[in-house]
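Undergrad: Sequence:
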Amino acid sequence: MRRILDFIVQHIVTIVFIILEVIGLLLFFNKNDFQQTKLSRSCLTVSAKCNELNSDIEGYFFLREKNNLLMEENAELHAQLDALNEVFDSLRCDSVVRGWNEHYASYVPARVVYKSLAHIDNYIVINVGTDDGVYPDMCVVANGKFVGMVSSASKHYAKVLTLICTQLAVSAKLKKDNQLGRISWDGEFSDRVVLDQLPSHVRPKVGDSVVTSGFSQTFPENVLIGRVNKRRIKNVDGFNEVYVNVSVDYGSLEYVSVVRYEGKKELEVLQDSIDK
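Using my numbering, the first residue of the sequence shown is number 795, and each one after it goes up by one.
Calculated from the structure, these hints are not laboratory results.
This structure is a prediction, so every number in the text was calculated from the model and none was measured.
Don't take each hint at face value.
What the hints assert, rightly or not - Distance condition first, Cα-Cα at most 27 Å in a straight line; then the derived DSS-like pairs of lysine-lysine:
#1 K939 to K1024
#2 K969 to K939
#3 K970 to K949
#4 K1024 to K969
#5 K939 to K999
#6 K939 to K970
#7 K1024 to K999
#8 K970 to K909
#9 K909 to K953
#10 K1024 to K970
Unchecked claim - Ranges between beta-carbon positions, derived for each pair:
#11 D1031 to H913: 23 to 31 Å
#12 Y1049 to R797: 53 to 61 Å
#13 R997 to S948: 43 to 51 Å
Idealized CB from N, CA, C, for every residue including glycine.
Working from the sequences, and respecting the hints, build out all of it.
TA: Below, the structure is given as structure tokens:
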């Protein structure tokens, strides 16, 4: 208490000056409408700037939550797009005989929590698992582009084999003419795979799109894998092979969607009956 009194005594002139200055300013603004308006506007500007800064800070801390909402919305839009494609396919073939199934495929949004990029058998780990309806042999995509296939899953996580993995081979086709082939990785470059088993008369052009064939119980049709590279591999055993630049940048991959192919179980039952 003694120190406070000593401080007031030592700075009494300054304290009185500040008090009188504040009183004078209050009287000045209260008696002048123009100055009062200017002050109000200035206070409003400062307040708006503070609110904007606060909003930016909150937006930064809630960025992950917003990304998750966008992932869910993106998955829903993918499902709606597949439903529309089914409608168009049914109308093109036979709108009377063929129906369409709006539950052809559904999507489970996920975030990449681990990446393996520098090995022979590369993979990623995502933060969804069996509790989310994700199981082995499901296709994984990112923005409509092929990422890989789920190889194993726990309750809350799943391991996904990527295209740059020697264990994974994908049935594929050239989009422009539906020529079938197979995509695999030769273990060389992380941004390039090989499309082989193409008939010898097929001459792909640089930039031709390569997509999933749909002749699989795992991968839906027409998911973009990549585009034909300018360099051609020699003819092997009567078939052509070409390099394909993959469409996904695995180094920057952060969010993906797992495709739940609703017709998979039915196809498996039918295939088992045929095999028997």
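Undergrad: Next step is simple, just say for each hint if it's right about the structure.
TA: Comparing the hints with the structure gives:
1. K939 to K1024: Holds, at roughly 21 Å.
2. K969 to K939: Holds: K969 and K939 sit about 14 Å apart, inside 27 Å.
3. K970 to K949: Roughly 40 Å between the alpha carbons, so the hint for K970 and K949 is violated.
4. K1024 to K969: It holds: about 17 Å lies between the C-alpha atoms, which stays within 27 Å.
5. K939 to K999: OK: K939 and K999 at ~20 Å, within 27 Å.
6. K939 to K970: Holds - the C-alpha atoms of K970 and K939 are around 17 Å apart, at most 27 Å.
7. K1024 to K999: holds (8 Å)
8. K970 to K909: violated (33 Å)
9. K909 to K953: holds (10 Å)
10. K1024 to K970: Measuring from Cα to Cα gives roughly 17 Å; hence the hint holds.
11. D1031 to H913: 23 to 31 Å: Check passed, 29 Å falls within 23 to 31 Å.
12. Y1049 to R797: 53 to 61 Å: holds (59 Å)
13. R997 to S948: 43 to 51 Å: holds (46 Å)
Hint compliance for this structure: hints 3, 8 are not met, and every other hint is.
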